[in-house]
Amino acid sequence: MLARPRLALSRDVAQAAYRLLAAALLCAMLAMLSDVFLTTSNIFNVLRQTSLLFLMASGLTLVILTAGLDLSVGANIGLSACLAATAIKGADSPMLGVATGIGCGALIGLANGILVTALRIPSFIATYGVMWMLAGMTYYYMAGDTIHGFPPGFRQLGSGYLLGVPMPVYVMLVFLLIGTLFAQRTTWGQQIYAIGANPVAARLSGVPVERRLILVYTVSGAMAGLASLIVLARINSAQGDIGEDLTLPAIAAVLVGGTSLFGGYGTVAGTLIGALILTLVLNGMNLLQINSSWQPLVTGVIILLAVWIDNRTRRIGE
Amino acid sequence: MTVAPLFELQGISKEFPGIKALDDVSLEIRAGEVHMLVGENGAGKSTLMKVLCGAYRADRGSFFHNGKQVAISDPAAAREFGIAVIFQDFTLVPYLDIAQNIFLGRELSGRVPGLIDRRGIYTEARRVLDMIGFDVNPRTLVHRLGVAQQQMVEIAKALSQQARILVMDEPTAALSEREIERLFAIVARLKQSGVAIIYISHRLSEVFALGDRITVLRDGRKIASLLPGATTADQLVTLMVGRSVDSTYSRPSRPAPGEVVLDVRNLAGPSGLAGITLNVRAGEIVGLSGLVGSGRTEVARAIFGADRAITGEIRLFGERTGGSAEDSVRRGMALIPENRKTQGLALARSVGDNIVLAGLRRLFPSGMFLPARAMKAARSIIEKLRIATPTPRRPVATLSGGNQQKVVLGKWLNAGARFFIFDEPTRGIDVGAKAEIFRLLDGLVHNGAAVLMISSEQIEIVRICDRAYVMRDKRIVGELSGNELTEANIVRLGTHQ
Amino acid sequence: MSMPSLAQLPMSVARVPGVAIVLVVLSAIFALTSPGFASPANIANILTQSTILLLLALPMTVIIMTEGLDLSMGAVLTFASIVLAITVLASGSPVLGFFAALAVGSCFGLANGLLIAVLDIPPFITTLGTLGVAQGLSLLATDGQSVVGIPRSIENIYSGALAGIPLPVIIAAIAYCGTHALLYHTRFGTYVFALGGNREALKMAGISVRGVLIRAYVLGGLMAGFAALLMTARLNSAHPTAGIGMEFDAIAAVAVGGTSFERGNGWLLGTLLGVVAVGVLRNGLNLLAVRSSAQVACIGALVIIALFIDGLRAEP
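Residue numbers (my numbering), protein chains in the order written: chain A, 1 to 318; chain B, 1 to 497; chain C, 1 to 316.
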């Protein structure tokens with residue numbers, strides 16, 4: 001006779017709780033160290049940054065769940081943003097801009113997916129090469145110029161408010177819902193977890209591995225495209241170097257959120273918490289007036305720590 | 001006065017979690033003698049050799065070198081006693097040349113400190129290669145060599161380490177007739193120079209052709225140690241296989257088989273398969289037997305669609321299959337692979353997740369996944385197969401071998417499969433659980449499913465299957481049914497006799 | 001009993017088609033499209049400018065052969081050059097500056113090696129992390145500004161010549177010979193082949209896999225420090241973004257040169273040709289006034305093509 005399922009906290013929920021606790025502690029610490037932290041403008045700032053980071057990292061979470069990696073998200077945002085900006089200004093149509101941004105991002109993701117599945121290039125190398133190509137293409141295309149001045153309706157997306165809360169937060173919540181539903185409540189999501197846990201067994205269980213991989217890379221690219229729109233709306237301009245320095249924080253957010261680099265374990269909600277923690281750390285550094293040059297360094301160290309912890313807990317679990 | 005054997009293992013026991021790999025095994029190794037070690041898969045041969053070469057540490061037992069008690073604590077110690085093992089997967093580095101491989105880890109120092117004496121290595125390699133009559137340029141990169149030649153490099157490597165005891169694990173598994181002859185000649189040469197050879201083989205013809213002494217292992221125990229002249233192939237098979245099947249199992253009477261479920265014609269593939277033609281009908285358990293390396297798993301994978309690039313016709317329920325695993329699953333085919341841990345299960349995921357995976361499309365045609373419904377389906381399978389787990393949420397890695405196998409089977413029941421391919425279904429499962437697996441197989445065909453079962457244990461095939469095909473060298477060489485389905489016939493067809 | 005002795009095909013015969021074809025084709029295209037391309041002065045230019053890349057590509061070959069990757073090389077190179085410049089300016093001694101650069105590079109290499117070999121963190125993540133660290137340090141040390149005022153003696157290292165051959169080329173040649181000796185004539189080199197080709201073989205032979213890995217990455221850091229000397233000499237300054245991205249060119253050169261990422265199959269001469277190929281590509285595109293950003297895209301395409309061909313060549 002099977003035991004009735006106990007209401008014990010599953011591993012996922014416990015881990016999320018710890019992370020939320022860490023975030024709360026960070027908030028408390030920063031509130032004590034800086035009286036600017038709890039001001040409305042700063043809180044909104046943190047929320048906006050978290051939303052942006054989350055959007056970037058949400059698609060990336062799916063890729064990492066399959067034990068892959070997409071190093072091109074930052075460069076993807078760069079190119080998508082610039083193309084979207086051109087569409088908005090050129091055709092004076094925010095809708096066209098949105099379509100262009102997301103479409104460009106998705107196409108790039110698709111290309112990544114094809115390189116990984118059809119050409120069988122390891123994902124970190126393929127996306128690394130694509131990253132450089134995109135960066136090059138972006139700089140070439142922009143030729144040092146800046147595009148700025150978008151219609152106010154579009155700008156609402158990034159800098160507007162709804163019921164007193166910044167717009168990006170709503171976008172974030174929407175995609176938190178969509179992402180979680182996709183990963184936990186669809187058959188595709190279950191298959192993706194299976195691919196990450198054991199791709200051979202997944203294939204031998206009838207999972208169309210290649211099609212799902214192409215799907216996750218395309219989604220990762222599309223989310224990058226979406227994130228690029230928020231960036232545009234926020235800073236109201238586009239230039240060649242937009243995408244730089246965005247990839248590392250995205251990866252950090254996913255890893256800090258508890259998703260394992262080795263695949264098969266992690267959640268989209270976790271990535272949200274990871275994005276929050278990372279944003280708090282960087283925000284705190286800004287408030288404490290620590291030189292911004294420390295940020296890539298700190299992000300790098302955080303990534304290393306997260307991977308190390310992941311390694312250790314996997315060993316214990318096995 | 002009897003001379004003490006060159007090396008002796010006494011009372012070796014080794015346990016792994018949940019399984020007793022070796023139980024009080026003793027072995028005498030004499031110089032200049034070819035000592036055959038035979039037994040079914042899982043009998044403990046590889047484990048014993050790993051203990052001998054220091055890769056594993058025995059839980060109990062002692063070692064004697066020329067009558068004196070010694071200890072083997074690690075591979076280096078084993079090497080000191082001149083013990084060298086050639087495993088089935090060679091430890092050669094593909095892009096280094098023969099000489100470099102021979103001297104890996106023992107490179108000779110040159111005159112300039114820090115540099116290797118490359119010329120010296122080539123001269124030495126040349127000398128060792130000549131000893132076994134292998135005429136090849138030592139500067140050849142190993143990846144350019146064929147399997148037989150790579151094996152020679154392994155032998156040369158062992159000789160270069162002054163091996164006095166050479167262990168060869170299934171050395172002829174991948175060799176052609178000519179290459180086998182060449183190997184035998186080398187073995188003869190080594191014998192003459194006083195090297196003791198431990199030779200593990202499934203091929204009884206070799207055992208009698210080469211062996212000076214035969215030791216039979218079964219289920220981790222030493223069953224007998226005989227001289228080849230004092231025994232026959234049939235007797236060996238009986239000793240090897242014994243009565244490992246739980247005698248509480250007896251084949252129930254089965255209804256007459258129904259329509260043809262699987263129809264395979266002229267299957268051929270890059271791995272060497274050719275002209276494979278077989279069929280399985282509803283309500284039947286058909287066996288696929290043959291020695292290790294005869295191509296059975298390749299056939300299974302080809303039928304299931306796990307391997308591409310094959311030619312021939314495969315029809316399931318009358319329709320040609322699409323050639324991919326996904327398509328096969330959709331049509332109702334199931335594969336329970338040989339290695340359930342690496343190929344059949346996602347160990348880190350829960351029992352429930354694993355059970356539900358293959359049947360996702362069937363359970364949730366709309367694409368929306370409902371955990372409650374999945375749990376319910378998983379629980380019903382768990383109950384039906386009596387899988388021992390407190391809850392479906394446990395990671396499947398925590399289950400015993402037999403229960404893990406049930407999870408793999410449960411996965412396919414959940415997917416509504418009607419044709420099952422089992423590859424070594426009882427491997428690594430203790431005797432008690434084996435009978436249960438057989439009863440589950442009975443249950444499947446009783447409900448009209450069709451089963452193709454690959455097994456290296458001839459006794460299983462005879463006891464459970466309605467009929468069996470026998471494979472040899474990647475081809476089907478016979479079909480046995482009724483009174484002809486005996487262990488002896490399977491062995492006879494499967495070996496070179 | 002005798003076997004027909006195998007005519008051993010030297011690896012170069014099977015490889016020359018790949019990277020040499022690329023080199024010849026690129027050179028031909030550029031020679032046709034730009035009159036100045038094939039001039040002796042320009043060729044000398046290409047070779048001299050490729051020397052820094054070669055210093056990075058040589059250890060990168062070794063690292064890639066161990067199934068690893070070092071994404072931090074460019075950042076470490078940059079930081080080492082900054083340390084070099086600052087040390088020289090502070091102490092007045094170029095030699096001290098040089099050793100400081102070597103030390104910095106080795107430290108990063110050691111950090112990489114330890115994280116990868118001991119803590120088991122995948123190479124690309126590790127070196128991504130150390131990339132961030134090195135980059136951060138570069139910005140911090142210079143506040144985003146260039147370090148100028150490099151003494152003549154250092155500058156001469158890049159612009160000087162010995163018997164008509166530019167000094168950098170001589171330095172690169174020495175580095176090449178040294179790496180060649182390391183890879184083909186030392187135990188370490190043999191073990192590098194084994195790490196990528198069959199790690200089990202190494203373990204069975206009782207060799208410490210960790211030791212080899214750590215040494216490979218220390219080599220990478222050390223050479224990055226060495227290259228910092230050349231780069232500072234060439235730019236006559238040290239700038240926090242100078243070497244960023246050079247690891248990409250280095251990886252491209254190694255990939256185009258025929259070294260595999262997963263089989264322990266390394267060819268040093270191929271890397272040399274790959275470096276020249278990348279140099280030719282950049283030079284030719286420069287002459288065609290193609291902007292640096294687009295050049296990167298071309299190199300990216302080249303890498304993907306090289307990887308694809310490598311995948312095709314892999315024995316099944």
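No lab work stands behind these hints, which were simulated from the structure alone.
In this text the structure is predicted, and so the values were computed from the model without any measurement.
Heads up, the beta-carbon is just placed ideally off N, CA and C, and yes, glycines get one too.
Be a bit skeptical, because a hint or two may be false.
[Stated by the list, open to error] Under the rule of at most 20 Å between Cα atoms (straight-line distance), these lysine to aspartate or glutamate pairs were calculated in the DMTMM-like manner:
| no. | chain 1 | residue 1 | chain 2 | residue 2 |
| --- | --- | --- | --- | --- |
| 1 | C | Lys203 | B | Asp473 |
| 2 | C | Lys203 | B | Glu107 |
| 3 | B | Lys50 | B | Glu170 |
| 4 | B | Lys50 | C | Glu200 |
| 5 | C | Lys203 | B | Glu484 |
| 6 | C | Lys203 | B | Glu436 |
[As the list claims (entries may be wrong)] Short, incomplete list of chain A residues facing chain C, as computed with Cβ under 7 Å:
| no. | residue |
| --- | --- |
| 7 | Phe124 |
| 8 | Leu162 |
| 9 | Pro296 |
Structure-based check of each hint:
1. Taken as a hint, the lysine 203/C and aspartate 473/B pair is broken in the structure, with Cα atoms around 33 Å apart against an allowance of 20 Å.
2. Straight-line distance between C-alpha atoms of lysine 203/C and glutamate 107/B comes to about 15 Å, which keeps the hinted pair within the 20 Å bound.
3. Annotation: proposed proximity of lysine 50/B to glutamate 170/B holds, straight-line Cα distance about 14 Å (limit 20 Å).
4. For the hint linking lysine 50/B to glutamate 200/C, the alpha-carbon distance of about 14 Å falls within 20 Å, and the restraint holds.
5. Only pairs whose Cα atoms come within 20 Å are accepted, and lysine 203/C paired with glutamate 484/B is rejected, the gap being roughly 49 Å.
6. Among the hinted pairs, lysine 203/C with glutamate 436/B is inconsistent with the structure: their alpha-carbon atoms are about 41 Å apart, more than 20 Å.
7. At its closest, the beta carbon of phenylalanine 124/A sits 5 Å from a beta carbon of chain C; the interface hint therefore holds under the 7 Å criterion.
8. For leucine 162/A, the interface hint is violated, since its Cβ never comes within 7 Å of a Cβ in chain C; the closest pair sits about 35 Å apart.
9. Taking 7 Å as the C-beta cut-off, the interface hint given for proline 296/A holds, the closest approach to chain C being about 4 Å.
Figure legend: structure checked against the earlier numbered hints; hints not met, in rising order: 1, 5, 6, 8.
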